[in-house]
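As a plain string of letters, each chain reads:
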Amino acid sequence: MNSKYTRVAVGLVVLAIAVVLLVVLSSGGSSDSTTKGITTITIKNGKPVGGIAHLTYNEGEQVRFKVDSDVSDEVHMHGYDIMKDVKAGGSVSFDFPATIEGVFEAELEGRKEQILELTVNP
Amino acid sequence: MTLAFLLPLAHALVSRRDLPIPAWLFAWGASIVLIVSFFALSVAWRSPRFERDRWRPLGAALSRALLGYPVQVLCGAIGVFLLGFSIYAGLHGTEAPDRNFALTFLFVTCWLGFPLFSVVLGDVFRPFNPWRAIGRTVGGAFAAIAGQRFAHLPYPRRLGRWPAAIGLLAFVWLEVVYGVSGGVSVGVTPNTAATAALLYTVYTLAMMALFGVEEWCGTGEVFSVYFGMLSQLGVFSVEDGRFGRRMPLAASTHWATVPGSLAVVIASIASTSFDGAQEGAFKGAISRTFDWFSEAGLSLTASLRLTDTIFLLLCFGGVALIYLIGVRGMASVSGGPPLSKLRTGFAHTLIPIAFAYLVAHYFSLFVFQEQAQFTYLLSDPLGTATTDIFGTAGAGIDYKVLSANAIWYVQVAALVIGHVAGLTLAHDRATAYWGDYRQAARSQYWMLAVMVSFTCFGLYLLSVGNA
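Just so you know, the sequences run in chain order A and B. Position 14 of the first sequence, counting from 1, maps to 14 under my numbering, and the rest follow consecutively. Position 231 of the second sequence, counting from 1, maps to 1231 under my numbering, and the rest follow consecutively.
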């Protein structure tokens, strides 16, 4: 191997390692923070206040959240396939074990409005 | 107006998304890719092996059984029935995408299943191809009645596989770009999919009448060309009416000689990249472009379609650019063939990358959605809750069959194996093109850079999260 190509090869390796490090460092630390306590999602005019809520749990933990709604609809927790009706001005509570890994949505089923993104890490 | 959320087809079907691969796995994956690549350079062989591999027939009895007339008729009839049934279900069934047989059958079972089976078993789409079956039947009937074969136009050779490349992009556009409602991407509806299938049937049969059934299947029929391309990676194939086998990957060395083949493989990589990136890596950029268009006065639907179309084409351009830079670099190594020959000569080395991207992005969707295909979609194909043919209409998808870890390992393994296969083919081709083995090795620094780019980009897409 002549020296010019050795330099190119070394350059490639250095570049690739730099990219890997950059990604590792920039995304590190986010995976082990999970949601504690009971989160309340407030629905105003059929939309979640403050945008779609994000909840993160590890597998086996208990998922707990409450939906306060000013509209009557059905809350559908996809993937886990849990459906609960909520009346206008009422609220509904969810409390179930995080048994399925992945990213799931909860929607106001009638309005097709996403209100929650649930992440369950292994 | 900001983009609330994007909901491509995968979403409309499966109510679960993959977790992004964790940083440590990304780092391991990328490191293994680099180590494997440099190891490959040091142990490389000096004369082409895959190029010179010869096809060997398997037993004559097996060929008769698999390729005989009864099997051809049966497979063709099954293909035509399933296409017809999908169109019927799409037009007359429910508009709920996850409850209609048509969407899952066309976009998951066929679109993702045939690539898998093509690599393992050879070109299995060919016998089941409904348009080929109809075309051959009509052609045969014409010959029997008229007493002579139908006179076709000569297919313009320069056009090559370009119609298939454009058709492939159009299909993906329909799948992931077209279905928009109120500025939100909702995926294609069963009705639209069935209408598109009808239009495609008319178009394909017209082209077959013009240029001949086999000619059009080899160059313009999107699914024949695409699944046929992936079948080149496997060991089994049919030649001269006989069933036989080769070394894995060897058949692909002769695939890209038809013009436009490079565009087909690039379109495949680009469309998978776009689908994987639209919710992750490109989400911010897509959202900003969408806002820009809608503030400029376009309707929400037009803004989103235009934005997604631009990003799909950018993916195509980006993949093409990386490959062409690599080819340009190779051309600078003396003793090799001219640029134009290099450009088509290394196109087949991207087929393993295309397949790896496919597996990495759609493996979990396929496993989950096939449970629906073989339970409630089979018992209640129209989704009207009035039929329960096999007593499985009430079944659901068990998301616990695959753990997040299992999905991650399959994704990273697919990319690493695709990378190694691509490098192997590229090195083999280089030893055929450059008489001097040292020059051949030098030219391959460029292809190494191309492959590392694609594989690390693939890992990056997975680490940001995919749909």
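Hints in this document: simulated from the structure, not taken from any laboratory. Keep in mind it's a predicted model, so treat the numbers as computed, not measured. Warning: the hint list may mix true and false statements.
[As the list claims (entries may be wrong)] Coverage of chain A stretches by chain B, computed from C-beta distances (three or more under 8 Å per stretch; other residues unrestricted):
no.: 1; region: 73-81
no.: 2; region: 90-102
[Said to hold, decoys possible] Restricting the straight-line Cα-Cα distance to at most 16 Å, the calculated cross-link-like pairs of lysine to aspartate or glutamate (EDC-like) are:
no.: 3; chain 1: A; residue 1: Lys112; chain 2: B; residue 2: Asp1098
no.: 4; chain 1: A; residue 1: Lys84; chain 2: A; residue 2: Glu61
no.: 5; chain 1: A; residue 1: Lys66; chain 2: A; residue 2: Glu107
no.: 6; chain 1: B; residue 1: Lys1400; chain 2: A; residue 2: Asp81
no.: 7; chain 1: B; residue 1: Lys1400; chain 2: A; residue 2: Glu59
no.: 8; chain 1: A; residue 1: Lys112; chain 2: B; residue 2: Glu1215
no.: 9; chain 1: A; residue 1: Lys47; chain 2: A; residue 2: Asp68
no.: 10; chain 1: A; residue 1: Lys44; chain 2: A; residue 2: Asp95
no.: 11; chain 1: A; residue 1: Lys36; chain 2: A; residue 2: Asp70
no.: 12; chain 1: A; residue 1: Lys47; chain 2: A; residue 2: Glu107
no.: 13; chain 1: A; residue 1: Lys47; chain 2: A; residue 2: Glu113
no.: 14; chain 1: A; residue 1: Lys47; chain 2: A; residue 2: Glu117
Yeah, the Cβ is synthetic: ideal placement off N, Cα and C, and Gly gets one too.
Here is what the structure says about each hint:
1. With 3 residues having a Cβ less than 8 Å from any Cβ of chain B, the region 73-81 of chain A passes the three-residue criterion, so the hint holds.
2. Coverage of the region 90-102 of chain A by chain B holds [criterion: at least 3 residues with CB-CB distance below 8 Å; count 4].
3. A C-alpha spacing of about 14 Å is found between lysine 112 of chain A and aspartate 1098 of chain B, which places the hinted pair at or below 16 Å, so the restraint holds.
4. Only pairs whose Cα atoms come within 16 Å are accepted, and lysine 84 of chain A paired with glutamate 61 of chain A is rejected, the gap being roughly 21 Å.
5. In summary, the hint linking lysine 66 of chain A to glutamate 107 of chain A is supported, as the alpha carbons are separated by about 13 Å, within the 16 Å threshold.
6. As the CA atoms of lysine 1400 of chain B and aspartate 81 of chain A are separated by approximately 13 Å, the hinted pair is consistent with the 16 Å bound.
7. For the hint linking lysine 1400 of chain B to glutamate 59 of chain A, the alpha-carbon distance of about 12 Å falls within 16 Å, and the restraint holds.
8. For the hint pairing lysine 112 of chain A with glutamate 1215 of chain B, the CA-to-CA distance comes to about 46 Å; that exceeds 16 Å, so the pair is violated.
9. For the hint pairing lysine 47 of chain A with aspartate 68 of chain A, the CA-to-CA distance comes to about 11 Å; that is within 16 Å, so the pair holds.
10. At most 16 Å may separate the alpha-carbon atoms for a hinted pair to count; lysine 44 of chain A and aspartate 95 of chain A exceed this at roughly 22 Å.
11. Simply put, lysine 36 of chain A and aspartate 70 of chain A have alpha-carbon atoms about 25 Å apart, too far for the 16 Å limit, and the pair is violated.
12. With a CA separation close to 10 Å, the supplied pair lysine 47 of chain A and glutamate 107 of chain A stays within the 16 Å bound.
13. Of the supplied pair hints, the one linking lysine 47 of chain A and glutamate 113 of chain A holds, its CA atoms being roughly 7 Å apart against a limit of 16 Å.
14. Restraint check: the Cα-Cα separation between lysine 47 of chain A and glutamate 117 of chain A comes to about 14 Å, which is no more than 16 Å; the hinted pair holds.
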